[in-house]
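Participant: Below are the chains, spelled out letter by letter.
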Amino acid sequence: MTLGVSETQSPDEGLPTDALVETAEAKEIEGRSPGEIAWARLRRDKIAIASAIVILLIILVALFAPLIVKLNGFPPDQFNKLNANGDPLLNTRDGGIPIGGLWGSGTSSEHWLGVEPQNGRDVFSRLVYGTRVSLLVALGGTIIAVVLGTVIGMVSGYFGGWVDTLLSRLMDIMLSFPSLLFVMALTPVVASRGQDLLGIPDDNKLRMGVLMFVLGFFGWAYLARIVRGQTLSLREREFVEAARSLGAGPNYVLFRQVLPNLLPTLLVYTTLLLPTNITAEAALSFLGVGIKEPTASWGRMIADASAWIESNPLYLFFPGTALFITVLAFNLLGDSVRDALDPRAGRS
Amino acid sequence: MGRYLIRRLIQAVFVLLVISAITFFLFWATPANPALLICGRNCNAETVAQVNATYGFDKPLVVQYGQYMQGLVSPGGRTIGSEGNERNCAWPCFGESYQNGIPVWNSIKDAFPATLWLALGAAVLWLLSGVMLGLIAALRKGKFIDKFSVGLALFGVSFPTIVFGYLLLFLFIVKLKWIPFPDTANAALFTVGPVKWLQFYILPWITLALVFAALYTRITRANMIDTMNEDYIRTARAKGLGERTVVFKHGLRSALTPIVTIFGLDVGGLLGGAVITEQIFSITGLGKFSIDSVLSNDLPAIMGVVLFAAIFVVLANIVVDVLYAVIDPRVRLS
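Quick mapping for you: the protein sequence lines, in order, are chains Z and S.
Here the first sequence is numbered in UniProt numbering, starting from 1 and rising by one per residue.
Here the second sequence is numbered in UniProt numbering, starting from 1 and rising by one per residue.
Treat the hints as calculated values from the structure; they're not laboratory data.
Fair warning: this is a prediction, and the values are worked out from it, not measured in the lab.
Just so it is clear, CB atoms sit at the ideal spot from N, CA and C, and this is done for glycine as well.
Heads up, some of the hints might be wrong.
Derived Cβ-Cβ restraints for the label pairs, each shown as a range [what the hints assert, rightly or not]: (1) Z/Asp77 to S/Lys175: 24 to 34 Å; (2) Z/Leu232 to S/Ile10: 21 to 31 Å; (3) S/Glu230 to Z/Asp172: 27 to 37 Å; (4) S/Lys59 to Z/Gln118: 45 to 55 Å; (5) Z/Asp172 to S/Asn100: 29 to 39 Å; (6) Z/Arg169 to S/Arg3: 45 to 55 Å; (7) Z/Ile49 to S/Lys147: 17 to 27 Å.
Just so you have them, the derived chain Z footprint on chain S, three or more residues with Cβ under 8 Å [claimed, not checked]: (8) 96-105; (9) 156-162; (10) 304-313.
Bound-form chain S, shown alone:
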């Protein structure tokens, strides 16, 4: 197990290096000189040269990449700014925003909890509802409840997040007025209390979870139907085990293993969905931060948030792989 983990970690570091290099060169190699973005309308040859010197744009890209990575790897961070105006950018240094000079890491740290709550809640919701609906549908195959959940799943897969989110917002906030309009202050669980917090997050959770819940219903149902037709299920029944044991201990357990893998893959998609959900429900999380950075052409912020997301996804994948190796010992050997 220890060996497996080490191998996975080395792989992850390699993947992250590749991703960081690709994103860095893609973003910084744009012919539209980053200096022009910073000085904006006041650009002339002199200011451009000055900005270039300040931010190190005059150095070769490889050197710039090296400096960027130094800020992420070395515990002391790195020095940024021009000569005479040097300052330390503490680890992990993602650089400073071109727009307001705030260290990108600080903005990410501030925005992360809101997105984490959103993602966690949605993940719990879709796992529970997806697996439960899929299980019930598989056990009552061909009955009304099966057809109902298959139909629901098909509908859910086809509901674009932007449409579904606004539908919920319109129904429960505008029309029925069951929930007040989203107020970002309510995103903080420990200052506003659980009731307001739940009211703030419930619709975003449902919005983000819908597509995944639908997919997981379909997958669980299909896996469960396949599993229940296996010989060892018949053996278990023949041994005289109770139906509950057969379904949950023998059937569901093996039907769920593929779900674990898919869940690891979906963490990436989850972050994408979070961008839209945060936009709809005015949540000031990472998604909102990234879209704002993109719209204002704030390269260090975009680079930072993309890299952060990549690190997050890669780590999540490791956790999932390790879980998978725990559940299914065969994985460790290959």
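Chain Z with its partners taken away, still in its complex shape:
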């Protein structure tokens, strides 16, 4: 069934550099597939392991958000006015700044990362729930972008001719677009459209769907261009020719022969697109066109906190750090995956 796909997977031209390192072990590890070699390289990479652990933790936090918040006991939407002793949490005369805690943030043994000024919602709980929104929207947008980019890129590269000309032009247009500006302008429009078409209210569930859709729709072009290039060269390879001479149709060739060979590239760009989309979601929510109140989102928290930057900088610090660490971890892992799959590209 495989028609020799696994044997032809990703010719590892990068071996010269690694061959020197690996000659000692070469005898016993003979016959490893390129995937196994990459996996072994990845496991030796300390930065990759560290960032993978961080990402795993973040995913766990997102999955078990309700459980974690139960530990601390403050639902993310609950307005807290008093602490356990019955003392007020917020200074009502001073615009609602939290009382006590580190740098006027209201941190305490109850509210680990303090409380929100004015409303008194627990910052830790909101941060934990924000992880969900961030990851979910980014993941959805990335999946849409990768699927679109792969299919369009493969079709463009495989069929060539006017299809290729048309799709390549489309990629050029999409790439030179001020995409954030467009996404920003379109999100409310798409949201109101979705509201009318689907007959559901413009709540944050719809908003999340719209964000995924818009991010995916504007994120596929770069990947499509790379996939197109790779498909162009894969198309000319002997195993594709062999399959075609045996009577395989374009569907078979594209999905059974070209696609498996694209997997390393797709893996790298998926890991690198995720942080881009996490940043984009935060930026949109920050600007007020993404996730709205009362759902917690890191971008929204940063926007709210910016008004308190003088009196309560920690309120800004927590969501900012969460965002930074998440994006950094994904970027580091993406770089490591690329290095592992194609050592020639190097960490440039």
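We have chain Z; now place chain S onto it with these hints.
Facilitator: Here is chain S on its own, set in the frame of chain Z:
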């Protein structure tokens, strides 16, 4: 060269037509009737019909698109308003704001200089710092300075603009108080003088430039390392040319050509970044104008600013392509 330029210009016009059509139909085809946006709470069947007649919403979309494009193309602009209350909207007519009736073009014209200064300053900053860091890193490959700039670049790529911008604002404005809080009046170079102007723009420049500077450091470094391993570099050295000539005339020049292409692509991303930067540092530029328009559902303003940005990006791309054709003659032939 002339032929190449003409072909590029025709392509650009085509691209702009496609973009304008897509945006127009997307924005105006929303089932939420634009008339409802205008009359707001006072809507009833009569007022809606009246608004529809005034703005021409009762005509087919294609006709509306034609009228919109007429305002952009014909030198006399176009006529807007209802019968008996017609007025001329001078070229280039992007329509009038639903919110306050100000011609969109006037608002764009007012907001543009602030964004232009922001973008220009940031672009100069990231090109200089990115190329310089990348060059030094490539020439001192494996040394401390190389590792330092690679690390810095990795960090910079991962710093979301919103986080980095507020970090700078907090450090230099709130904590250290080296720079006063941003005051929009200081955006005008010729009325407040260069010192206040620099103080106003320095942090936004750094904020906007960071991600790009990091990317350009990585790209320059990689290109430069590749280039310096080329045979013709060895030939140049063998000829006895000085190291400076080899690095700058033979190496850097060819390592920089891809940068020119990438720069053209990044102009679009730059405008997106400008939206966030302007929001953080309260700059009343195009970004602020566009986000305000989006939040108040002001369709003509959103449409205008998106189209304007698209025109700007397409023009920038032409300039870059022409530059590229000048640097690399092979481009002209293909």
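Participant: All hints, please: hold or fail.
Facilitator: Against the structure, the hints:
1. A hinted range of 24 to 34 Å for the beta carbons of aspartate 77 of chain Z and lysine 175 of chain S is consistent with their spacing of about 32 Å.
2. Hint check: leucine 232 of chain Z to isoleucine 10 of chain S, Cβ distance near 27 Å, so the stated range 21 to 31 Å holds.
3. For the pair glutamate 230 of chain S and aspartate 172 of chain Z, the supplied restraint of 27 to 37 Å holds, since their beta-carbon distance comes to about 29 Å.
4. The given range of 45 to 55 Å is respected by lysine 59 of chain S and glutamine 118 of chain Z, whose C-beta atoms sit roughly 48 Å from each other.
5. Aspartate 172 of chain Z and asparagine 100 of chain S have their C-beta atoms about 37 Å apart, which keeps the hinted 29 to 39 Å range intact.
6. About 20 Å separates the C-beta atoms of arginine 169 of chain Z and arginine 3 of chain S, a value inconsistent with the hinted range of 45 to 55 Å.
7. About 20 Å separates the C-beta atoms of isoleucine 49 of chain Z and lysine 147 of chain S, a value consistent with the hinted range of 17 to 27 Å.
8. With 0 residues bearing a CB less than 8 Å from a CB of chain Z, the stretch 96-105 of chain S misses the requirement of three and the coverage assertion fails.
9. Here the stretch 156-162 of chain S counts 6 residues with a CB under 8 Å from a CB of chain Z, which clears the bar of 3, and the coverage holds.
10. Under the rule that three or more residues need a Cβ within less than 8 Å of chain Z, the assignment of the stretch 304-313 of chain S holds, with 5 such residues.
Checked against the numbered hints above, the structure breaks hints 6, 8 and satisfies the rest.
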